[in-house]
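Colleague: When you get a sec, could you build the whole thing from the sequences and use the hints?
Heads up: the sequence lines are chains A and L, in that order.
End of the first sequence sits at 114 in the working numbering; the numbers just go up one at a time, nothing left out.
End of the second sequence sits at 224 in the working numbering; the numbers just go up one at a time, nothing left out.
The hints are simulated quantities; they were obtained by calculation from the structure and are not laboratory data.
In this text, all values refer to a predicted model and were calculated from it rather than measured experimentally.
Any given hint might turn out to be false.
[As the list claims (entries may be wrong)] Here are some, though not all, of the chain A residues that point toward chain L, as calculated from beta-carbon distances under 7 Å:
| id | residue |
| --- | --- |
| 1 | 45 |
| 2 | 65 |
| 3 | 102 |
[Stated by the list, open to error] Below, computed lysine-lysine pairings styled on BS3-like, alpha-carbon distance capped at 27 Å:
| id | chain 1 | residue 1 | chain 2 | residue 2 |
| --- | --- | --- | --- | --- |
| 4 | A | 11 | A | 57 |
| 5 | L | 115 | A | 57 |
| 6 | A | 71 | A | 11 |
| 7 | L | 223 | L | 169 |
| 8 | L | 167 | L | 219 |
| 9 | A | 11 | L | 167 |
| 10 | L | 182 | L | 223 |
| 11 | L | 216 | A | 57 |
| 12 | L | 182 | L | 168 |
| 13 | A | 14 | A | 57 |
| 14 | A | 11 | L | 219 |
| 15 | L | 216 | L | 167 |
Even for Gly, the Cβ is constructed at its ideal location relative to N, Cα and C.
Spelled out, the chains give:
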Amino acid sequence: DTGVSQNPRHKITKRGQNVTFRCDPISEHNRLYWYRQTLGQGPEFLTYFQNEAQLEKSRLLSDRFSAERPKGSFSTLEIQRTEQGDSAMYLCASSLDGVGFEQYFGPGTRLTVT
Amino acid sequence: KNEVEQSPQNLTAQEGEFITINCSYSVGISALHWLQQHPGGGIVSLFMLSSGKKKHGRLIATINIQEKHSSLHITASHPRDSAVYICAVPSGGSQGNLIFGKGTKLSVKP
Numbered sequence: 001d002t003g004v005s006q007n008p009r010h011k012i013t014k015r016g017q018n019v020t021f022r023c024d025p026i027s028e029h030n031r032l033y034w035y036r037q038t039l040g041q042g043p044e045f046l047t048y049f050q051n052e053a054q055l056e057k058s059r060l061l062s063d064r065f066s067a068e069r070p071k072g073s074f075s076t077l078e079i080q081r082t083e084q085g086d087s088a089m090y091l092c093a094s095s096l097d098g099v100g101f102e103q104y105f106g107p108g109t110r111l112t113v114t
Numbered sequence: 115k116n117e118v119e120q121s122p123q124n125l126t127a128q129e130g131e132f133i134t135i136n137c138s139y140s141v142g143i144s145a146l147h148w149l150q151q152h153p154g155g156g157i158v159s160l161f162m163l164s165s166g167k168k169k170h171g172r173l174i175a176t177i178n179i180q181e182k183h184s185s186l187h188i189t190a191s192h193p194r195d196s197a198v199y200i201c202a203v204p205s206g207g208s209q210g211n212l213i214f215g216k217g218t219k220l221s222v223k224p
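Modeller: Given below as C-alpha cells:
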C-alpha cells in the first residue's frame, strides 16, 4: 500500500465556485479524518468517518461543506460557494478503528480562493 | 476540551546543536503524538507515546503524564531536520480526532 493519497494537490478557484477534494485512505483503515490547516496554525478537526458513517462534525464545518465516504473507502470533501476564508490546506488522515491508533496523513490539498 | 501549547514557536539552530521542543496539554490523555511537517504540507508521524521515552535515530520523545508535558529532542541537528514539529493529543471521547499545537518551526543552519 502506498499510504494516504489526496487529489488534487493544489486548487485555485474563484470565490463563489464549488470545489471537491478526494482522499484515498490506507485500504484496511476504517477511520478517515478531515482536517483544515491555515497558515501558521496547527490543523483543526473538521469531520470523521468510521467506515461509511460520518460520526462527528466540527462546528467549523459550515453548511457549505459536505463530506461523504460512500463505500467506506475513499472520501470526498465538497465546498460550495467558496469564500476567501476557505483558503487553507485540507488534510486527510486514516487509522485503524478505535482511539489511540496512529493516524497516517495524506499530502494535503492546498486551496486558494481568489 | 484539551488545549495544547507548544514552545518555542520558532527556533533557529546551528548544525550539530541539541534541540528541545516542548508541549503542554490541559487534560489527561491516552497518548501524545509528535508529527513533522515539511514545506509543501505533508505530515509524518514521528512518535506516539503514552509514557516514558521513545527513541528513533537522533530523535527522542519523552512524556510526563503527571505534569502533562512532553518534549521532543533532536541530537546532532542537521539542516534536513528543518521543518515544523507539531504536538497533538486526542480530543477525548470515542471519535479519536486529534487536537494540535500550533507547531514549532525549526531552522537548522549549516
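Colleague: Please work out if residue 11 (chain A) and residue 219 (chain L) have their alpha carbons no farther apart than 27 Å.
Modeller: Distance ~25 Å between residue 11 (chain A) and residue 219 (chain L) Cα, so the pair holds.
Colleague: Sort out whether residue 169 (chain L) lies within 27 Å of residue 223 (chain L), counting only the CA atoms.
Modeller: 24 Å, holds
Colleague: Return the status of the interface hint for residue 65 (chain A): holds when the least beta-carbon distance to chain L is below 7 Å, violated otherwise.
Modeller: 16 Å, violated
Colleague: Keeping to a limit of 27 Å between CA atoms, is the pair of residue 14 (chain A) and residue 57 (chain A) held or broken?
Modeller: 26 Å, holds
Colleague: Check whether the Cα positions of residue 11 (chain A) and residue 167 (chain L) lie no farther apart than 27 Å.
Modeller: Given that 27 Å is the threshold and the Cα spacing comes to 40 Å, the pair is violated.
Colleague: Need the status of pair residue 115 (chain L), residue 57 (chain A): alpha-carbon distance at most 27 Å?
Modeller: 15 Å, holds
Colleague: Do the alpha carbons of residue 182 (chain L) and residue 223 (chain L) lie within 27 Å of each other, as the hint requires?
Modeller: 32 Å, violated
Colleague: Please work out if residue 167 (chain L) and residue 219 (chain L) have their alpha carbons no farther apart than 27 Å.
Modeller: 23 Å, holds
Colleague: Below or equal to 27 Å on CA atoms is what counts here, so check residue 71 (chain A) against residue 11 (chain A).
Modeller: 25 Å, holds
Colleague: May I ask you to test the interface hint for residue 45 (chain A) with respect to chain L, counting a Cβ-Cβ separation under 7 Å as satisfied?
Modeller: Given a least distance of 4 Å, the restraint on residue 45 (chain A) holds.
Colleague: Just to be careful, I want the Cα atoms of residue 11 (chain A) and residue 57 (chain A) compared with a cutoff of 27 Å; is the pair within it?
Modeller: 23 Å, holds
Colleague: Please work out if residue 216 (chain L) and residue 167 (chain L) have their alpha carbons no farther apart than 27 Å.
Modeller: 23 Å, holds
In this structure, the earlier hints numbered 2, 9, 10 are contradicted, and the remaining ones agree with it.
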